[in-house]
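So the chains spell out like this:
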Amino acid sequence: MCTYLTEKVAITGSGKGRDGWFTLSQAVVYVDHPQHAPYEHTVNIDFANPSMGPAARVAVELTEEDALALMEAIRAALAAAPPGLASAR
Amino acid sequence: MPVFDTMLAETISFAGHGGDWIEGYFARPLGPGPYGAVVVIHHMPGYDEATKEITRRFAARGYLALCPNLYHREAPGASPDDAAATARAAGGVPDERLVGDVGGAAEQLRSLTSSNGKVGVIGYCSGGRQAFLAACSLPLEAAVDCYGAFVVGEPPESFPLAVTPLLGIADRLSCPLLGLFGAEDRYPSPEQTAELERTLSDLGKTFEFHTYDDAGHAFFSVDRPSYRPAAAVDGWQRVFAWFDRHLTDRPAA
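For the protein sequence lines, the chains are A and B, in the order given. End of the first sequence sits at 593 in the numbering used here; the numbers just go up one at a time, nothing left out. End of the second sequence sits at 703 in the numbering used here; the numbers just go up one at a time, nothing left out.
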């Protein structure tokens with residue numbers, strides 16, 4: 505099925521794409537057909553900067569289990585670091 | 451059955467919605483015709499190699515086939531996956547623009563000297579819904595909906611993309627419709643395709659639906675785990691029989 509589901513969030517940071525590092529401005533998350541992963545559906549995340557064109561994108565396609573594990577790993581890493589250490593503020 | 455073993459396949463530009471020049475992949479047999487024509491609507495992952503292969507397959511069967519790049523405006527020249535991501539983030543393809551692009555592709559095909567004037571449409575996945583939409587919005591001679599979701603059924607609330615159910619415009623269906631679905635699909639579910647079937651029956655429309663057991667969504671996709679050879683082989687036979695019957699003068703295989 506095409507879920508059409510799409511979550512979009514503005515982000516600050518950098519990603520490394522085809523042509524090297526670039527500034528990121530948005531992340532788009534959707535559960536839908538992957539381009540490459542050998543599954544019918546995956547959790548797809550596009551880290552992108554639309555102002556730099558369609559190729560300014562770092563894409564990942566994860567299984568549901570791995571996406572949830574990644575979320576936990578991010579939470580654990582942040583919890584282990586001093587509060588606010590990686591904050592933009 | 452006639453043999454069409456020479457073809458030309460290439461990228462062209464043609465006038466789509468609003469007169470915008472957009473890209474399309476055009477494959478055609480090199481004989482003088484007259485040939486029927488098919489507009490191929492790509493799936494949500496984009497104007498990709500698999501869809502171009504489908505487009506060539508129609509040419510090999512004796513059809514003029516044109517696949518519009520529905521994401522050309524958002525991402526001209528981009529790789530198909532980047533273009534699909536860009537179009538998705540921008541909210542998807544508006545229905546009105548889709549109709550204009552398919553209509554432009556149909557006009558492009560009808561204008562060819564090797565055209566017999568008859569044009570059909572086929573779409574896969576999100577393109578299945580769009581094929582139904584086009585067939586309800588444009589004068590066409592045949593349509594094929596391959597497992598298109600949200601022809602029937604309300605999308606969840608807070609849906610970010612411009613997708614609405616189409617059952618309300620089914621009375622405007624301009625041509626015979628072939629529907630190919632998987633029994634294990636949830637979008638569209640067998641209940642939803644049964645509802646569409648009832649509506650088309652009530653409206654007196656010409657249609658034929660087939661739902662394959664042991665198949666879900668995207669059973670035609672040879673490069674995905676959803677591929678189901680038995681359903682795909684039978685499905686292709688039905689697609690060609692449908693278009694042969696409605697777009698050509700030759701007997702169906």
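A couple of the hints might just be wrong.
Claimed, not checked - Example chain B residues on the side facing chain A (calculated, C-beta under 8 Å, incomplete):
| # | residue |
| --- | --- |
| 1 | ALA525 |
| 2 | ALA528 |
| 3 | ALA535 |
| 4 | PRO615 |
| 5 | LEU653 |
| 6 | PHE657 |
| 7 | PRO679 |
| 8 | VAL683 |
| 9 | GLN687 |
| 10 | ARG695 |
Treat the hints as calculated values from the structure; they're not laboratory data. Just so it is clear, CB atoms sit at the ideal spot from N, CA and C, and this is done for glycine as well.
A quick look at each hint next to the structure:
no., hint, in the structure
1, ALA525, "holds, 4 Å"
2, ALA528, "holds, 4 Å"
3, ALA535, "holds, 5 Å"
4, PRO615, "violated, 12 Å"
5, LEU653, "violated, 26 Å"
6, PHE657, "violated, 22 Å"
7, PRO679, "violated, 16 Å"
8, VAL683, "violated, 20 Å"
9, GLN687, "violated, 24 Å"
10, ARG695, "violated, 29 Å"
In this structure, the earlier hints numbered 4, 5, 6, 7, 8, 9 and 10 are contradicted, and the remaining ones agree with it.
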